[in-house]
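All chains should be built: construct the whole structure from the sequences, respecting the hints.
Under full-length UniProt numbering, the residues of the sequence shown are numbered 1 to 285, in order.
I should point out that these hints are in silico values taken from the structure, not numbers from a laboratory.
Just so we're clear, the structure is a prediction, and the values are computed from it rather than from any experiment.
Quick reminder that beta carbons are idealized off the backbone N, C-alpha and C, glycines included.
Do not take every clue at face value.
What the hints assert, rightly or not - List time: in silico SDA-like cross-link candidates among lysine to any residue, alpha-carbon distance up to 25 Å: (1) Lys78 - Pro220; (2) Lys106 - Ile132; (3) Lys81 - Phe110; (4) Lys54 - Ala180; (5) Lys157 - Leu144.
Unchecked claim - Distance ranges between label pairs, derived from CB positions: (6) Arg95 - Glu194: 14 to 20 Å; (7) Leu281 - Leu144: 32 to 38 Å; (8) Glu74 - Asn192: 20 to 26 Å; (9) Ala196 - Leu281: 50 to 56 Å; (10) Arg217 - Leu144: 31 to 37 Å; (11) Phe133 - Leu281: 30 to 36 Å; (12) Ser125 - Ala193: 17 to 23 Å; (13) Asp211 - Ala75: 20 to 26 Å; (14) Glu166 - Ala69: 33 to 39 Å; (15) Pro113 - Asp79: 21 to 27 Å; (16) Val66 - Ala193: 18 to 24 Å.
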Amino acid sequence: PEGQLGGYNGHMLLTRPFFLSSPLWVAGPERRIVLVGRSRNGISATGNTILGSKVFEFEGPGFGAVTQACQKEEAQLKDRKVVVVDTPGFFHSSRPQEDIVAEVSKCVNFYSPGPQVILHVMHPSCFFEDEIFVAQQIKEIFGLKAKDYTILLFTHKEYLEVESLEYIVSFDENLKGLNAECGNRYLAFDNNAEGAKQEAQVAELMTMIDDLVRKNRYAPCYTEDMMNELPNQGVNLAQSAIETGGGEPETLNKELKYLIVNVLTAARIYLLKIGEMIRHLRRRK
1 PEGQLGGYNG
11 HMLLTRPFFL
21 SSPLWVAGPE
31 RRIVLVGRSR
41 NGISATGNTI
51 LGSKVFEFEG
61 PGFGAVTQAC
71 QKEEAQLKDR
81 KVVVVDTPGF
91 FHSSRPQEDI
101 VAEVSKCVNF
111 YSPGPQVILH
121 VMHPSCFFED
131 EIFVAQQIKE
141 IFGLKAKDYT
151 ILLFTHKEYL
161 EVESLEYIVS
171 FDENLKGLNA
181 ECGNRYLAFD
191 NNAEGAKQEA
201 QVAELMTMID
211 DLVRKNRYAP
221 CYTEDMMNEL
231 PNQGVNLAQS
241 AIETGGGEPE
251 TLNKELKYLI
261 VNVLTAARIY
271 LLKIGEMIRH
281 LRRRK
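Put into structure tokens, the structure is as follows:
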């Protein structure tokens, strides 16, 4: 029953630890994960926790960002291959925001056919304007369909002794809205945990991903084609709005406005990629 030990509380946040030996998390198909979020939220540390080893380099709180480019690592967990792509954090200490957007947009190409989950890594006590901007950037890079593959992962679980994660998620209206968009899928990690505690966190995440894959069974992973649909979505909706008489700026609905932003962002990303190719060709000469 809901609210009891081992029950489901309506937020896909498990109330009973699921260790790697749990029958609910058995060997199966590989799981492919992309990590995104704000710099210094613990993105790389979260990847290390998932894979069980320090394969992603990172610095502690208060230091500059280390991750400069997307990096893919994998491990065998309970006879299942788990593949994780770490990405540079937004608000990177030494790189322009446009470069970060261009680099993060490459992460889907590291998989075939694509990741089953986009983990948006957040700090439980730092949901301010920067995080709102990051959430918007993630939407603009990955598009409308990304929310169907997103799980919110809060780091620093060790700080959640006084206030519960449920309280934090529901306290801020922007965070509450973001969580609702992502299907109320969230959990917390203590990236300093070891042994059985660390395994329990990973098992909880894997169980949540398995549930998400089952829910998305007709399209179980986010693909590059979905990302490339962004410009076409905007053009098609704009044409529809004009044909129905809704083409004036003041009458455009929120979805169309959002997709127009997506088109501009996609165009900016493509231009950055072209510039990168040109610089590469010049270096070869």
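Structure-based check of each hint:
no., hint, verdict
1, Lys78 - Pro220, "holds, 21 Å"
2, Lys106 - Ile132, "holds, 22 Å"
3, Lys81 - Phe110, "holds, 15 Å"
4, Lys54 - Ala180, "violated, 33 Å"
5, Lys157 - Leu144, "violated, 29 Å"
6, Arg95 - Glu194: 14 to 20 Å, "violated, 32 Å"
7, Leu281 - Leu144: 32 to 38 Å, "holds, 35 Å"
8, Glu74 - Asn192: 20 to 26 Å, "holds, 23 Å"
9, Ala196 - Leu281: 50 to 56 Å, "holds, 52 Å"
10, Arg217 - Leu144: 31 to 37 Å, "violated, 20 Å"
11, Phe133 - Leu281: 30 to 36 Å, "holds, 33 Å"
12, Ser125 - Ala193: 17 to 23 Å, "holds, 18 Å"
13, Asp211 - Ala75: 20 to 26 Å, "holds, 21 Å"
14, Glu166 - Ala69: 33 to 39 Å, "holds, 36 Å"
15, Pro113 - Asp79: 21 to 27 Å, "holds, 22 Å"
16, Val66 - Ala193: 18 to 24 Å, "holds, 21 Å"
Hints 4, 5, 6, 10 from the list above are not met by this structure, while the remaining hints are.
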